[in-house]
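Take the given structure of chain A and dock chain B to it, following the hints.
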Amino acid sequence: MATEPLLTATPLGDVLELRPGGSWTAANGTTLEALTGAVAAQLDRATTVKLDMAGVRELDTIGAWLLEKISRRATAAGHHAEVVGVADNYAGLIEELHQVNRRNPAPVPALNPLVAKLNDIGQAAAGSREDVAAFLQMLGALFLAVVGVLRRPRSLRTTSLVYQLYRVGFQAIPIIVLITFLIGAIIAQQGFFHFRKFGADSYVVDMVGILVLRELGVLIVAIMVAGRSGSAYTAELGSMKMREEIDALSTMGLDPVEVLILPRIIALVCALPILSFIGSMAALYGGGLVAQLYGDMTPAIYIARLHDAVSVTSFKVGIIKAPFMALAIGVVACSEGLRVKGSAESLGKQTTTSVVKSIFLVIVLDGLFAVFFASIGM
Amino acid sequence: MTEQASPPRFAIRVKDLVVGFGRQIVIDHLSLDVRRGEILGLVGASGGGKTVLLRTIIGLIPPRSGEIEVMGTVIGRSQERSTQRAAGRWGILFQQGALFSSLTVRQNVQFPLRENLHLSQALMDEIAIAKLEMVGLAPEDADKFPAELSGGMTKRVALARALALDPAIVFLDEPTSGLDPIAAGEFDALIKTLQQTLGLTVFMVTHDLASMYTECDRVAALADGRIVSIGPMHELLQSEHPWVRAYFHGKRSQMLQPQAS
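Protein sequence lines, in the order shown, are assigned to chains A and B.
Take 1 as the starting number for the first sequence in the working numbering and just add one per residue.
Take 1 as the starting number for the second sequence in the working numbering and just add one per residue.
Chain A extracted, bound-state conformation:
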């Protein structure tokens, strides 16, 4: 149905006569652009341009705009441009396009790339102060909510709390058990492989026991929870923010921190120690299994060695860290969730930020606790 577009240019002295023909439609966009580009040089030479539209079979916005551009280019150069032979049904469209693109806003001047880079770095540095402020603000709001709940214990959202506990605690057990079991088994296998060279097989149990209970159990579980539940919190709160659900809550006189965030964070603070405990046990079991299958150590000996190697202190050192890590994960996840702006992209960005930041904080906290426990001799 569509015919090939044409543009014949006939120079008659100073007058350039242009005869477009065929289908000037979007489907032929590439050809049309080339055609109008090709006559540009002739256009600049001629002092009068006559555009005869009688041959145009089909016309749409793109075609009409390209033709309008021709006459505009001639007019801008101070030449005379004349459009004739416009079919009635296209007159409206051409008139419409004659009005547009008249007033282009000044383009934003592009920054020097070096300056732009420096600007980015500066913005990021200034933004980090904002990050700290957002974290502290959330911590403060949370503290206020806790005080409120302590004053009126009935205002605690028990249903929500139990549901969140089920989601971040109970439902996380299988994956946590699997991962920590594997980690325990891998540490034990590596231990046997290397310690065997100097006959220190039996010390593998000390290594597995202390490493798992003091550090790895809680650290691995906290990182898993940050990735699994922290990201979910950010995404949930972020999409609630996008759909104005959080604003709706506040206008009903309810505090979003109390209704949405407090139950989530309490659930996390309760769940992480329990998960750490379960995870540590799974890791010790994994280590024991490897000891039996790979290290030729009977379970009885493994348990006896473990009994000598670890003390309640090692367990305490590990588990004390868990609620603090949970608090850090929860506060980061919720404050990032509330910083989501309107777009889908910003939801993705804040979720990533939330996970990266909470894992970073978990590791920093672990380091601080290591210093602390060393100085009090635990």
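Among the clues, some could well be false.
[As the list claims (entries may be wrong)] Label-pair restraints from in silico Cβ distances:
{"no.": "1", "chain 1": "B", "residue 1": "Gly231", "chain 2": "A", "residue 2": "Ala54", "range": "37 to 43 Å"}
{"no.": "2", "chain 1": "A", "residue 1": "Ala54", "chain 2": "B", "residue 2": "Glu38", "range": "27 to 33 Å"}
{"no.": "3", "chain 1": "A", "residue 1": "Leu182", "chain 2": "B", "residue 2": "Ile25", "range": "50 to 56 Å"}
{"no.": "4", "chain 1": "A", "residue 1": "Thr10", "chain 2": "B", "residue 2": "Arg35", "range": "38 to 44 Å"}
{"no.": "5", "chain 1": "B", "residue 1": "Ala189", "chain 2": "A", "residue 2": "Val115", "range": "42 to 48 Å"}
{"no.": "6", "chain 1": "A", "residue 1": "Pro113", "chain 2": "B", "residue 2": "Gln121", "range": "16 to 22 Å"}
{"no.": "7", "chain 1": "B", "residue 1": "Ala246", "chain 2": "A", "residue 2": "Arg228", "range": "34 to 40 Å"}
{"no.": "8", "chain 1": "A", "residue 1": "Ile173", "chain 2": "B", "residue 2": "Ser177", "range": "44 to 50 Å"}
{"no.": "9", "chain 1": "A", "residue 1": "Ala133", "chain 2": "B", "residue 2": "Arg114", "range": "39 to 45 Å"}
Hints listed in this document are in silico derivations from the structure and should not be mistaken for laboratory results.
Ideal Cβ positions, reconstructed from N, Cα and C, are used throughout, including at glycine.
Below, chain B alone, put in the same frame as chain A:
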């Protein structure tokens, strides 16, 4: 556009369409023809299947049975490809705008151009601005993100995007809902102008009685899953169907009629 080899008289033909979800039948043996170049308004009860009908015509909901033809292309039955080919010739304005939230206004309007044609960036920029100005927005708005727009502006940008490829048919799902009467009136006038200048066929789901009076060439009433009455506004007002009578002769409609007709 008028010079096509054999221009079909009807832009959209729906024959004996049945659509349902589970055990519920929403569209029950519905037939509807939309003529080329007309503005057809579709009215019906809230939850009565107007949007379902629209989404079925554009191939988003598979029909149980029946036939849909858009510009001579059969939709739905013969797989994705023919639907996609038809998609090049229609533009859709969704109820909430459905702008891509991570793209600026300009990029949103350019998106169909970029995906379907091979044009230079400069030309696409010019076309995008031209479309935005045609729907009544300022060039300054082009670099805003959808989250920064008001409801009326969102609808205008969505219309500009729907019109980006100069489609033959535009589907509008409640274009004036949520706009103030002045903005709604401007929007109606805009659609009318664009229909006249670009020769569009417009299929419009609406509840806005004023738009029906001023803008629509014909109005179709959807009740009990079928079209119970179709024709120009003055014919619909004579209709004997109880639902149509209740719709156009209810208290709210009566208040509007003296000024409008």
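Hint by hint, here is what the structure shows:
1. Gly231/B x Ala54/A: 37 to 43 Å: holds (39 Å)
2. Ala54/A x Glu38/B: 27 to 33 Å: holds (29 Å)
3. Leu182/A x Ile25/B: 50 to 56 Å: Holds, at about 53 Å.
4. Thr10/A x Arg35/B: 38 to 44 Å: About 41 Å separates the Cβ atoms of threonine 10/A and arginine 35/B, which means 38 to 44 Å holds.
5. Ala189/B x Val115/A: 42 to 48 Å: This hint holds: roughly 47 Å between Cβ atoms.
6. Pro113/A x Gln121/B: 16 to 22 Å: holds (20 Å)
7. Ala246/B x Arg228/A: 34 to 40 Å: violated (54 Å)
8. Ile173/A x Ser177/B: 44 to 50 Å: Given about 48 Å between the Cβ atoms, the range holds.
9. Ala133/A x Arg114/B: 39 to 45 Å: holds (40 Å)
The structure shown violates just one earlier hint, number 7.
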